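Asks: The residues making up each chain are set out below.
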Amino acid sequence: MFKIVKKADIVLFIILIVLGLGLSWLSIAGSVTGQKAVVTVSGKVYGSYDLSRNQSVTIKHKGHTNKFSIKDGYVQMTYSDCKNQVCVKKGKINETNQSIVCLPNKIVITIEGGDDKYDAISN
Amino acid sequence: MTRSQISESAQRTRRLTMSAMYATLALIFTYVEFLIPYSVGIPGVKLGLANLVIIIALYEMDFRYAMAINLMRIALSGLLFSGIFAMFYSLAGGVISLIIMWLLMKTGKFSMIGVSMAGGVAHNMGQLLVAAFVVSNIKMFVYFPVLVFSGIGAGICIGIVAYVIDKRVPKQLFK
Chain A
1 MFKIVKKADI VLFIILIVLG LGLSWLSIAG SVTGQKAVVT VSGKVYGSYD LSRNQSVTIK
61 HKGHTNKFSI KDGYVQMTYS DCKNQVCVKK GKINETNQSI VCLPNKIVIT IEGGDDKYDA
121 ISN
Chain B
1 MTRSQISESA QRTRRLTMSA MYATLALIFT YVEFLIPYSV GIPGVKLGLA NLVIIIALYE
61 MDFRYAMAIN LMRIALSGLL FSGIFAMFYS LAGGVISLII MWLLMKTGKF SMIGVSMAGG
121 VAHNMGQLLV AAFVVSNIKM FVYFPVLVFS GIGAGICIGI VAYVIDKRVP KQLFK
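If you read the protein sequences in the order shown, they are chains A and B. So in the UniProt record's numbering, spot 123 of the first sequence is number 123, and the numbers just go up one at a time. So in the UniProt record's numbering, spot 151 of the second sequence is number 151, and the numbers just go up one at a time.
Think of the hints as simulated: they come from the structure by calculation, not from any bench. What you are looking at is a predicted structure, and each value in this text was computed from that prediction instead of being measured. Using N, Cα and C, we set each Cβ at its ideal position, and we do this for glycine too. Check the hints yourself; a few may be wrong.
To be verified - Anything over 10 angstroms on all C-beta distances counts as not near chain A; from chain B, calculated:
1. Ser7
2. Glu8
3. Val32
4. Tyr59
5. Val169
Stated by the list, open to error - Distance ranges between label pairs, derived from CB positions:
6. B:Thr107 / A:Tyr49: 46 to 54 angstroms
7. A:Gly22 / B:Phe34: 29 to 37 angstroms
8. A:Ile15 / B:Ile36: 25 to 33 angstroms
9. A:Lys83 / B:Gly108: 38 to 46 angstroms
10. B:Gln11 / A:Ile15: 36 to 44 angstroms
11. B:Thr24 / A:Tyr46: 38 to 46 angstroms
12. A:Leu19 / B:Lys167: 24 to 32 angstroms
13. B:Gly108 / A:Leu19: 22 to 30 angstroms
With the rest of the complex left out, here is chain B (with noise of 0.2 angstroms):
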């Protein structure tokens, strides 16, 4: 092997580490978030901590490694936790989210807290999409306007959290 050869690999394996840790994180993030009980009364209320993770991975990696993040998230997630269920809920609302908040990225136009902001109002509505399908009832959009107004204050917050921490971590990791 040329010595080229050899930090390709390397960097790839360093790549694959990174993505297995962050997915782990984001496994965890999920987790405490199901341990707080929410008293809302409305499904898909949260605050979605694992998006930190999410977002993080897509600033810094690329958007095939945050997604491949996200997806193994949801997967483990679904199976450990919520169910198989409430596993397509997650599914619906994680890529939607994050194809919304890789094409705002990728315009240059909005900073970490607008794309967590869109995000996180892309995810309600892709959960309840799904919703409104499992129940066969278009009356399931009386939820909207709340989803609407959780998804800006939890995207919000999300983003402001995850701009710092991308201040803070250094770069080269992520090389």
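Okay, chain A solo, but in the shape it has when bound (with noise of 0.2 angstroms):
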């Protein structure tokens, strides 16, 4: 049975799996708690919330509709009209590196730091 397997299968299955352990540490990297959830529908920002204020947000766009909670420092997608529902099962986010997407609606919530000089230079 193992056989069949050939060298160059091993090669490549080392350098993917080199891949994906190295794309793991670039995402986990330089990951802090932020202190702001940044809303973009379709690549546009769509507002940006502070995550120390408990709030819940209703996001209305080309007919669909997203609702969004913060509470206690995390973002949570609590209602989503759409078919998949990955963005509700995701759960509760509050680390920069982390984001909810919803692709059907073409919403993505991201967290950012929120430090003042980082906003100095966005803005």
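Assembling the complex is the task here: the two chains are given apart, and the hints tell you how they should meet.
Replies: Rendered as structure tokens:
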């Protein structure tokens, strides 16, 4: 059975594993607890919300509705009218490398540091 | 018609019938997979049963036939089950993965398992590219590691099964 695996297969396997690990490392490294949630709809910034304030926001865009809530510094998508509900199942996030994506409704929620210096640069 | 013309046209008919059967089989696999609920929470993490059919078609028939079967499956499953929107993801994933598998197969250095593994990763990569494009957000790539690993795993599983099936299916079916 294992005779069918060729040398090139193993090399490719190792390359892909290393690639996967490298990318995991990239996405984990430099992650800190963020201070605000930035909502993007179709690539455009929809709004920025302070994580320290508990709130519930409804996003309406082209006939689609999504709702998310901010509670105790965590963001969670609570409702989406999309078909796959991946964004709702994603749960709550609070770190800068995390994001909630609702592909059918083209909504992305990302976490940003909210650091003063960072704001000055991005503004 | 001469005898050779008759046999040529018979062969074409045979291949056409085979392709149609393969497309149907791939479509059924897509549907079976659609019925299984995945609770991983990440879109794109799946086994890719249909690739079983595609990879065997690629090895036993031709790149063109495999591509035609694949496109047929994607179009039909898009219209029947997943919707037009999801069809574009399947299209990107399916076409990129098939081209990668074809190129690797042509080198002759890889076994079916390696080819299938690369195909699995390429499929997820293609889907992610479309996803990143749709939401215009580069942060989509946080999904990349998971999709690379799931692509490797699913690709190896499918590759092993495809190899076993390929050994068992009588070769004259494809002639």
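Asks: Work down the list of hints and note, for each, if the structure agrees.
Replies: Here is what the structure says about each hint:
no.: 1; hint: Ser7; verdict: holds (34 angstroms)
no.: 2; hint: Glu8; verdict: holds (34 angstroms)
no.: 3; hint: Val32; verdict: holds (18 angstroms)
no.: 4; hint: Tyr59; verdict: holds (13 angstroms)
no.: 5; hint: Val169; verdict: holds (16 angstroms)
no.: 6; hint: B:Thr107 / A:Tyr49: 46 to 54 angstroms; verdict: holds (51 angstroms)
no.: 7; hint: A:Gly22 / B:Phe34: 29 to 37 angstroms; verdict: holds (33 angstroms)
no.: 8; hint: A:Ile15 / B:Ile36: 25 to 33 angstroms; verdict: holds (30 angstroms)
no.: 9; hint: A:Lys83 / B:Gly108: 38 to 46 angstroms; verdict: holds (43 angstroms)
no.: 10; hint: B:Gln11 / A:Ile15: 36 to 44 angstroms; verdict: holds (40 angstroms)
no.: 11; hint: B:Thr24 / A:Tyr46: 38 to 46 angstroms; verdict: holds (44 angstroms)
no.: 12; hint: A:Leu19 / B:Lys167: 24 to 32 angstroms; verdict: holds (31 angstroms)
no.: 13; hint: B:Gly108 / A:Leu19: 22 to 30 angstroms; verdict: holds (23 angstroms)
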